[in-house]
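There are 2 protein chains.
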Amino acid sequence: MNPLRLIEKKRDGGSLSAAEWRFIIQSYLSGQLPHYQMSALLMAVYFSGMDYEETATLTGIMVESGERLDLRDIAGAKIDKHSTGGVGDKVSLILAPLMAAAGIRVPMISGRGLAHTGGTLDKLESIPGFRTRLTPKEFHQQINDIGVAMIGQSDRIVPADKKIYALRDATSTVASIPLITASILSKKIAAGVDGLVMDIKTGCGAFMARMEQAEKLAQSILRTAVANALPTVALITAMDQPLGNAAGNWLEVLEVLQALQNRGPDDLMKVVYALGAQMLHLAEGVSQPQQAQKRLQTLIRDGAAMDKFLQMVAAQGGDTRILRDAGKYPMAKFQQHLRSHQNGWVHEAHALKIGYAVVLLGGGRRTMNDTVDPAAGIVLQKKIGDQVEKGDILAVLHTNRTNVISEAARWMRSAFRIGPEQSEKPRTVLKLLT
Amino acid sequence: MNPLRLIEKKRDGGSLSAAEWRFIIQSYLSGQLPHYQMSALLMAVYFSGMDYEETATLTGIMVESGERLDLRDIAGAKIDKHSTGGVGDKVSLILAPLMAAAGIRVPMISGRGLAHTGGTLDKLESIPGFRTRLTPKEFHQQINDIGVAMIGQSDRIVPADKKIYALRDATSTVASIPLITASILSKKIAAGVDGLVMDIKTGCGAFMARMEQAEKLAQSILRTAVANALPTVALITAMDQPLGNAAGNWLEVLEVLQALQNRGPDDLMKVVYALGAQMLHLAEGVSQPQQAQKRLQTLIRDGAAMDKFLQMVAAQGGDTRILRDAGKYPMAKFQQHLRSHQNGWVHEAHALKIGYAVVLLGGGRRTMNDTVDPAAGIVLQKKIGDQVEKGDILAVLHTNRTNVISEAARWMRSAFRIGPEQSEKPRTVLKLLT
Numbered sequence: 001m002n003p004l005r006l007i008e009k010k011r012d013g014g015s016l017s018a019a020e021w022r023f024i025i026q027s028y029l030s031g032q033l034p035h036y037q038m039s040a041l042l043m044a045v046y047f048s049g050m051d052y053e054e055t056a057t058l059t060g061i062m063v064e065s066g067e068r069l070d071l072r073d074i075a076g077a078k079i080d081k082h083s084t085g086g087v088g089d090k091v092s093l094i095l096a097p098l099m100a101a102a103g104i105r106v107p108m109i110s111g112r113g114l115a116h117t118g119g120t121l122d123k124l125e126s127i128p129g130f131r132t133r134l135t136p137k138e139f140h141q142q143i144n145d146i147g148v149a150m151i152g153q154s155d156r157i158v159p160a161d162k163k164i165y166a167l168r169d170a171t172s173t174v175a176s177i178p179l180i181t182a183s184i185l186s187k188k189i190a191a192g193v194d195g196l197v198m199d200i201k202t203g204c205g206a207f208m209a210r211m212e213q214a215e216k217l218a219q220s221i222l223r224t225a226v227a228n229a230l231p232t233v234a235l236i237t238a239m240d241q242p243l244g245n246a247a248g249n250w251l252e253v254l255e256v257l258q259a260l261q262n263r264g265p266d267d268l269m270k271v272v273y274a275l276g277a278q279m280l281h282l283a284e285g286v287s288q289p290q291q292a293q294k295r296l297q298t299l300i301r302d303g304a305a306m307d308k309f310l311q312m313v314a315a316q317g318g319d320t321r322i323l324r325d326a327g328k329y330p331m332a333k334f335q336q337h338l339r340s341h342q343n344g345w346v347h348e349a350h351a352l353k354i355g356y357a358v359v360l361l362g363g364g365r366r367t368m369n370d371t372v373d374p375a376a377g378i379v380l381q382k383k384i385g386d387q388v389e390k391g392d393i394l395a396v397l398h399t400n401r402t403n404v405i406s407e408a409a410r411w412m413r414s415a416f417r418i419g420p421e422q423s424e425k426p427r428t429v430l431k432l433l434t
Numbered sequence: 001m002n003p004l005r006l007i008e009k010k011r012d013g014g015s016l017s018a019a020e021w022r023f024i025i026q027s028y029l030s031g032q033l034p035h036y037q038m039s040a041l042l043m044a045v046y047f048s049g050m051d052y053e054e055t056a057t058l059t060g061i062m063v064e065s066g067e068r069l070d071l072r073d074i075a076g077a078k079i080d081k082h083s084t085g086g087v088g089d090k091v092s093l094i095l096a097p098l099m100a101a102a103g104i105r106v107p108m109i110s111g112r113g114l115a116h117t118g119g120t121l122d123k124l125e126s127i128p129g130f131r132t133r134l135t136p137k138e139f140h141q142q143i144n145d146i147g148v149a150m151i152g153q154s155d156r157i158v159p160a161d162k163k164i165y166a167l168r169d170a171t172s173t174v175a176s177i178p179l180i181t182a183s184i185l186s187k188k189i190a191a192g193v194d195g196l197v198m199d200i201k202t203g204c205g206a207f208m209a210r211m212e213q214a215e216k217l218a219q220s221i222l223r224t225a226v227a228n229a230l231p232t233v234a235l236i237t238a239m240d241q242p243l244g245n246a247a248g249n250w251l252e253v254l255e256v257l258q259a260l261q262n263r264g265p266d267d268l269m270k271v272v273y274a275l276g277a278q279m280l281h282l283a284e285g286v287s288q289p290q291q292a293q294k295r296l297q298t299l300i301r302d303g304a305a306m307d308k309f310l311q312m313v314a315a316q317g318g319d320t321r322i323l324r325d326a327g328k329y330p331m332a333k334f335q336q337h338l339r340s341h342q343n344g345w346v347h348e349a350h351a352l353k354i355g356y357a358v359v360l361l362g363g364g365r366r367t368m369n370d371t372v373d374p375a376a377g378i379v380l381q382k383k384i385g386d387q388v389e390k391g392d393i394l395a396v397l398h399t400n401r402t403n404v405i406s407e408a409a410r411w412m413r414s415a416f417r418i419g420p421e422q423s424e425k426p427r428t429v430l431k432l433l434t
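Chain order of the listed sequences is A and B. The numbers in the numbering used here rise by one with no breaks, and the one at position 17 of the first sequence is 17. The numbers in the numbering used here rise by one with no breaks, and the one at position 12 of the second sequence is 12.
Wrong hints could be hidden among the right ones.
[Claimed, not checked] In the EDC-like style, the derived pairs of lysine to aspartate or glutamate whose C-alpha atoms are separated by at most 16 Å in a straight line are: (1) A:Lys163 to A:Glu64; (2) B:Lys425 to B:Asp373; (3) B:Lys9 to B:Asp51; (4) B:Lys137 to B:Glu67; (5) A:Lys9 to B:Asp169; (6) B:Lys9 to A:Asp169.
No lab work stands behind these hints, which were simulated from the structure alone. None of the values given here were measured: they were computed from a predicted structure.
Produce the entire structure from the sequences given, and follow the hints as far as they go.
What follows is the structure, encoded as structure tokens:
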């Protein structure tokens, strides 16, 4: 097969066959297909797209590129949740132990934060000692024993995705719905899960800023998952403002602890329960969301979810004492209050701008090589729909870098829009697609 | 500047500024910008295009990437002709000495054949001893002394084009009108010419198969040339069947010798004279094509053009004895006649298929690393508009490889369409654009 002809075919709007994609993926992994041909092909995919069938084919071939975890000997349904990412999205840290407490097995493979979006692994690693790298054996054992494990992508699972994603990231070819679909689903399929709930964020802080794009991605994922025999549902949820109040790794862990003590912010908990209900539905066929939510609330209220969280942290080497006595955690050296200059209602708390402010403060990454300061971030005290008076604290900025505070505060100031008319709390769970 | 943002900008349909293109070209040449980012950018250009202003900017910046020849101290107008390539296109070998005989300076920088199209350098190199690499000093001296020199692209002139072209060739991004424009014009501008006549081929054997595409390329070249202060005109000429009768390097030199003895085939000479008239027009403002053609015909008839050709060959180390006594040249070991199976008229002599047959016979390249057999090729005895009888020879195949003859003959058979209705000789010079 001639790679040039395949690039040409895709460039001219054709579909590559399974044999052709297999050739591309295998020869790229072996190093025979050079990066520059792969990046040209990826840009051609960006423009020409892929139909659902081709996306499903590519997904299957990417799965073939590495090992597949086999969790079939573990009793119970293995269900994962995956979010397309946003600001303040700490849902996984609450939902994974909660669902394990409900008896579902949650083998969760997560990512790191990049640009304005946070990442589950960074949040977990802000807990001293927490290991996000487990061997396949340890991962398997922990899911069997505790019901939940949260780790990073292994080199052995879908190595094609790792190599292709790095190239996409370096060639402005990330924003392609079929490539996003294949990347997400290949990893979930290789992880051996029985079902998947997708949380597709939309709004200014999300990768898919417009609802229309979010729906397209949802459709692409649902159809591709079906074609690869992975039962999947998708929720589209709001990411116009940060989810919950905290954005920044350890600050979000603190909010997770509150949530597991039944004191989580409303918008955050709505998303947790909505996703949890869908996970229960996939695992057990339970399809009464109200009933499901009640059951999950009980598991939070009676401490079962918190126990599971602590068990998981302990199993993965994390320091649970600091979670029980969070005051001992070294906070950032500097805290600055952002106060309202006027009376009115909050109409906007722009997630993208707040995300950038978190990065500036040291809580996020500009490039994959940056290190993250776990203590840096922002805690919002006002969100959309809240009434404020002049002088009220809108947010608290946490950082160890003095030289960035005024710049971050400027971003934060521009993120808030306060007007004289009353505003409403926005909906968080926007749409369910199955 | 961040290359990712520039790829993104082009991907999203924006125009890069001069500073941005300069950054791209310089950092690609220095090796800082990796091939894979450049190829992603080139594919984005393929899809998003470039307006004339951006194409002109890129062209100027590519010129800056290397040395510029300075021919200003040589008296007289320095005019070049460039063809987009086809099958049997030996025009340069006739036209360059002819125009030098007419007093114009012709500093011609040519290319090699690839795929089904032939290349001027390969044709010249079929003359024993002919050197297509001259130093800038030798080149300059020869144009001063004889008025004409024909060489290959030097590494020092527009090195950006050399590097980018190789990448385009390996990533299916050749067929982009703005990139073709910048590639051609940057080299002509750097070569220090005062004017350029473009021969843009259209038809099944041309890069631009449809007239509409050929016109687009012509417009792009004309506007970009104007913006870079290079007076340029473009002719669109036919490439549905081979130009002249011979296709294959030495076989074409033989036809060139005939043409210089005033025995050239009609279609070929029409293109030679039409292009020559435009070169005279650029050089001298003469704008009576009939008058120009008469003058050029006289230079052929009285042997001045042939003398100039022989002078040039001698100056570049070529064996002129073999040109005077062509029967001594070692012909290909095998000749095979392709005969008509029916009575009628030739309606098609498909240039692309004939070009492939030439490659099969050893007369062309599949990849840039292939070597070319100078003796291999095809001589047509019938072309479109000719009447044929069953048993007439349509073409003679020349090759040193016995194992390919039947396959090449099959291609040749499929290239000819002979029908009972009378056919007409097609026009060769289709359109003039200024």
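Results for each hint:
1. A:Lys163 to A:Glu64: The hint holds at about 14 Å.
2. B:Lys425 to B:Asp373: Violated, at about 31 Å.
3. B:Lys9 to B:Asp51: holds, 14 Å
4. B:Lys137 to B:Glu67: holds, 13 Å
5. A:Lys9 to B:Asp169: Given that 16 Å is the threshold and the Cα spacing comes to 15 Å, the pair holds.
6. B:Lys9 to A:Asp169: Cα-Cα ~15 Å, so holds.
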